[in-house]
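Letter by letter, the chains look like this.
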Amino acid sequence: MKNMIRASFYKLFHDKATWISLAGTAVWSLYVCVMLTWIADGKLDVSDAAGAEKYWRDFMGYHGVMVPLLISSIVLFTAEFKDKSWKLFVARGISRTGYYFSKLPCILTLTVMLSFVAIAFGAAYGVAKLGMQCNGVFVILLIRYFLLQTVAHGTAAVLILTIFFLIKIGEVSSSVNAVLLMFGTMALSKIETALSLGDALTGAFAFAQPLRVSFTGADEWIRILIVFVAYFVACSLAVLLLGVRGDVE
Amino acid sequence: MSNIVKTKALTKKYHGFAAVDGVNMSIEKGDIYALIGENGAGKSTLMKMLSGLAAPTSGEVVLFENKHPEVARFRMGCLIDSPALDSRLTVRDNLEMFSRAFGCHKEGEVNRILKLVGMDGNANKVIKKTSLGMKQRLAIGIALLGSPDFLILDEPMNGLDPMGIQEIRQLLKKLNAENQTTILISSHLLDEVSKVATRYGFMKAGHLISELSNEELEEKSKTCLRLKVSDTAKAAMVCEKDLGTNNYEVMDAEHVRLFDYVDESAKVVTAMVRGGVEVGEMVRMGESLEEFFNNLMTAREEQ
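Protein chains in written order, with my numbering: chain A, 1 to 249; chain B, 1 to 303.
Incorrect hints may have been included.
Cut-off 20 Å, straight-line C-alpha distance, at most; resulting in silico cross-link-like pairs (EDC-like, lysine to aspartate or glutamate) [claimed, not checked]:
id	chain 1	residue 1	chain 2	residue 2
1	A	Lys2	B	Glu155
2	B	Lys128	A	Asp83
3	B	Lys222	B	Glu264
4	B	Lys125	A	Asp247
5	B	Lys204	B	Glu178
6	B	Lys13	A	Asp247
7	B	Lys6	B	Asp149
8	B	Lys13	A	Glu249
9	A	Lys168	B	Asp81
10	A	Lys82	B	Asp81
11	A	Lys2	B	Asp93
12	B	Lys128	A	Asp15
13	B	Lys115	B	Asp161
14	B	Lys204	B	Glu38
15	B	Lys222	B	Glu291
16	A	Lys16	B	Glu216
17	A	Lys84	B	Glu155
18	B	Lys135	A	Asp15
19	B	Lys129	A	Glu249
20	A	Lys2	B	Glu96
21	B	Lys125	A	Asp15
22	A	Lys84	B	Asp93
23	A	Lys84	B	Glu96
24	A	Lys84	B	Glu291
25	A	Lys16	B	Glu264
26	B	Lys234	B	Glu249
27	A	Lys82	B	Asp93
28	B	Lys135	A	Asp83
29	B	Lys129	A	Asp247
30	A	Lys2	B	Glu249
These are computed hints drawn from the structure, not numbers from a lab.
If we strip away everything but chain A, and leave its shape as in the complex, we get:
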């Protein structure tokens, strides 16, 4: 499996999709920062400035990482099923579970890189425009936020990879499924709010987690880590039980 991990990382860093998604996150974060600056400076005519600011901040934290992660994962991780190149690994004696577990560090690394870019822009904006002091407390908060975001998005990444691996579908169907999953969870979240259910429906959904990340106490850490570990274990079990069956087409 060590060799397969090396091969997966080689592909990650040599595929244009990785760098395009990072650039996409950077452009998106920059756009959000510009919007926030315009709201703060009164250049953007909005009736509820505080609400608008919150809306764009959510966009920064959620879509800035989640959308490029989804798109790049689809491009990077479903192509081997579409091109059927993954069968070459199996034909050389690499197990299917070995194939899946070698892709996990890759997708998690991609998540770390995307989260880093998004948060770096957010931090730069905070210091430059909101007058935040770049002191020790700020750095600690920033690192904590970065780690929370990464673990939360990592949970979603594990789920995305597992879906792709189990269904082994092409790019178009993967995109449709992933977008349906993302918007479906968002819709569920709205229903929860409307019915005052808290997060009873989406509490376990990784896709909903990034929206709930905040700078508040340690309980947030525990919750996000539990969700990550639960997803990791559940997805691994699903792959071990279902992913090794059938012929390689």
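Use these hints to put chain B onto chain A, whose structure you have.
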């Protein structure tokens, strides 16, 4: 000689339909084994089972005399169906990635393969922008990564131009001669296959209906006149004295095969009669691989 592949009653069924049915085959070290059959005969399915891409419904596959084929597959290189490549990476990146995955990444390995399959001039081309022939060459190159002991090549000549076919043929012969690489190859280009193969397996409707060595096939393919004669000793004398040839074979008490004068049957009959030999029957024999294959398929259908 050691067995590289041995299958026992290997069967693969799809929804009750047997794509491969009870195949017993063995491939020995150093063989270039050509699998020949019509579309849907089960060649690709058999190759998929050998390479671990399809699980047998019943039967057994033993590779390198090892009962755990998944371990032995590290010594195999495969090209099954169409070339399976990462279409967004370059030719070189594909080789770099697969060489890492196969655990054979070392200095110069990728360049060696590029040169071997004649792709050194196109190393930086993105796969999307390459022709089918180039893809096929690269797929063969990937199969050759790490110098495997056993190659499975399903229709490797597909999409190649005549020059490419010749190069790949030479390459396979060279690998077989220099490294003792065992090769299992399937192709619809029977003439091409006959130029490299040392053994043949003929498949029809999931069954392996016949296995022949190159010598056996050559023997069958040799054109000759088979004569049923009253006296084989006299017939032999006529061949040597009257027809002036030693190129004949006494098969049994009644039959002689004459490998000369194949297109001069009247001359042969006249000589035999003059020599006091009665000719009861004379048949022109011998077939090309294509004729042999067609006759075999027809005979099987008639059964």
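Check whether the Cα positions of Lys13 of chain B and Asp247 of chain A lie no farther apart than 20 Å.
Status holds; Cα separation ~12 Å.
Please work out if Lys115 of chain B and Asp161 of chain B have their alpha carbons no farther apart than 20 Å.
holds (18 Å)
Assess, step by step, whether the Cα of Lys84 of chain A is no farther than 20 Å from the Cα of Glu155 of chain B, and give holds or violated.
OK: Lys84 of chain A and Glu155 of chain B at ~17 Å, within 20 Å.
Straight-line alpha-carbon gap Lys222 of chain B to Glu264 of chain B, limit 20 Å:
Measuring from Cα to Cα gives roughly 16 Å; hence the hint holds.
With the threshold set at 20 Å, check whether the alpha-carbon distance from Lys168 of chain A to Asp81 of chain B stays at or below it.
With Cα atoms ~18 Å apart, Lys168 of chain A and Asp81 of chain B stay inside 20 Å; holds.
Taken at face value, is the distance from the CA of Glu249 of chain B to the CA of Lys2 of chain A at most 20 Å?
Judged against 20 Å, a Cα distance of about 62 Å means the pair is violated.
Tell me if the straight-line CA distance from Lys84 of chain A to Glu96 of chain B falls inside 20 Å.
Holds, at roughly 18 Å.
Is the straight-line distance between the alpha-carbon of Lys82 of chain A and that of Asp81 of chain B 20 Å or less?
holds (14 Å)
Taking 20 Å as the top limit, are the C-alpha atoms of Lys135 of chain B and Asp15 of chain A close enough?
This hinted pair holds, its Cα atoms lying about 19 Å apart.
Straight-line alpha-carbon gap Lys82 of chain A to Asp93 of chain B, limit 20 Å
holds (18 Å)
If you draw a straight line from the CA of Lys125 of chain B to the CA of Asp15 of chain A, is it 20 Å or shorter?
holds (14 Å)
Are the Cα atoms of Lys84 of chain A and Glu291 of chain B separated by 20 Å or less?
violated (36 Å)
Comparing the model with each earlier hint shows violations of hints 1, 4, 5, 16, 19, 24, 25, 29 and 30; every other hint is respected.
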